[in-house]
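> Here's the letter readout for the chains.
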Amino acid sequence: MTLALQLWGGLLESLRKLGAVILFLLAILRQCPAALARPRLISQQVRNSGVLSLVIIMTSAFFVGMVIGLQGYDSLSRLRQEDLLGAGVALTLFRELGPVVTALLFAGRAGTALASEIGLMRATDQLAAMEVMAIDPIRRIIAPRFVGAVISVPLLTAVFNAVGILGAWFIGVRVMGVDNGAFWSQMQEFIDPEDIFEGVLKSFVFGVTAGLVAVYEGYNSLPTAEGVGMATTRTVVTTSILVLVLDYLITAYLL
Amino acid sequence: MAWLTPGSIAATWRQPDSVTADNLVEISGLHFRRSGRPIFSGLDLGIRRGSITAIMGPSGTGKTTLLRMITGQLRPEAGTVTVAGQNVAALSRSALFDLRRRMGMLFQNSALLTDLDVFENIAFPVRENTRLPDALIRHVVLTKLNSVGLRGAADLMPAELSGGMARRVAMARAMVLDPELLLYDEPFSGLDPISLGVVLRLIRLNNDALGLTSIVVSHDVAEISHIADHCIVISEGRVIASGAPTELAASPSELVRQFMAGAADGPVPFHYPAPDYAEQLLGAGR
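Going down the list, the sequences are from chains A and B.
According to the working numbering, the stretch in the first sequence is residues 1 to 255, in order.
According to the working numbering, the stretch in the second sequence is residues 256 to 541, in order.
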């Protein structure tokens, strides 16, 4: 009985939080037109979230590409199909690894920065001061950061895919000796617009997810050092789980 | 009783400040709880236009909470908070924002935006709330900075300011839209004597020069007594005394006298309620 009550309580709490997140998203969406009308605020956030994440994205992408190239070459060479390496790498990156790994890295690099920045603004009364100055923090602080994340993740995913392919090309063509022409032509042959669409759709959904979780956790963090730390941790954990769950759901829906 | 006259402290004891047309802020029958603990239980008070009113009381009596209710950041469970004739809790969000444009607030930790320099911090509410051209904004900001003596610090970042300077910048920011009502939350805490004197002087000067109404929440009884026209002491959710600072010092209430004199022991005991000392020392556990 106690366990059942606890489960019921947990379920109600989860539903309450889900409702709060949806209301928060609606509040952000209402303020998005005002945020978009100030492109300087958005570009500043794209720089903070996106441009400053480029190093970790490109470094990770190159090594992920090299690993896929190596594993792919090893598998394909057993079937004497090494020429398909470029197509295999591109399919893997465009449809799965590109959006997913980019979103996970974004949560770790930019999501935590967003959550802690907003959490510290809460803890030091900066958000309260804005309210008293008749400035809506959702409009001035939250919406531009959310939009910045939604723009950044798809762009970072594109960069991740491009650098990942270069990593795979380096290993496959330059190190393992796969034919350069076959690498690129097979990629061109096998990649359909649907593959690109799937990747773009996922990266957009993951951008919304990562941005929403980060700004929600930061905005609702307890105004203490511990509260900001917990918000940062929850941002990474929640985003990571949601990205993996959503990845499965989108894949299952599109296949 | 619209306002206290010298020697009327006995008459004001445990009586609310009256609500009159001359009051910019009127609070009546205010009830509010936090985590089940009552903060206000039928609080009544009025803040007269053009005055500096000090709100004092032991820690945890809800002085900052009261400021947050005046600015509409918190809503009362019962009772009304009226500012300039408008019931704050009943206002729509846009009407509340309109009202807030007529207020300024100095936060205890200054609450400067850490990613903007001093100039931009003060320009921030102007840029967000008006469509004034940059040249005019520059003029307004430099005027306000000059009034707090920090025109030369316009390019500094908040992290480069001392506590006293940060407080003065926050004061300039709170005044930049020329509000009718300025709220100060513990404006003297953590300041050295020189900075404290500067802030004290600025509160009085700004109030008189700009025709403001100021509410100052402070524990610094001696300091605030120099500039306040009126003091209100809150304890256990109610106004327990109000009047001019000199009147409160002569209050018949031991609690008020303890507070005004800063005595360590009295009706507010030095020791937090605890079991017998000897028994606890000789017993087990903590």
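Accuracy of the hints is not assured; some may be wrong.
Covered by chain A, according to a simulated footprint, are these stretches of chain B (three or more residues, beta-carbon under 8 Å) [as the list claims (entries may be wrong)]:
{"id": "1", "region": "354–367"}
{"id": "2", "region": "378–385"}
Every beta carbon over 10 Å from chain A, so not counted as near; a handful from chain B, in silico [unchecked claim]:
{"id": "3", "residue": "Q328"}
{"id": "4", "residue": "G340"}
{"id": "5", "residue": "E415"}
{"id": "6", "residue": "E509"}
The set of hints was computed from the structure by calculation and includes no laboratory data.
Just so you know, these numbers come straight off a predicted model, no measurement behind them.
For every residue, glycine included, the Cβ atom is placed at its ideal position computed from N, Cα and C.
> Taking the hints in turn, state whether each one holds.
Here is how each hint holds up against the structure:
1. 354–367: Per the Cβ count (10), the hint holds.
2. 378–385: Answer holds; 4 residues pass the 8 Å Cβ test.
3. Q328: For Q328(B), whose nearest Cβ neighbour in chain A is about 6 Å away, the distance does not exceed 10 Å, so it is violated.
4. G340: holds (18 Å)
5. E415: Holds: least Cβ distance 16 Å, greater than 10 Å.
6. E509: holds (35 Å)
In this structure, the one hint that does not hold is number 3.
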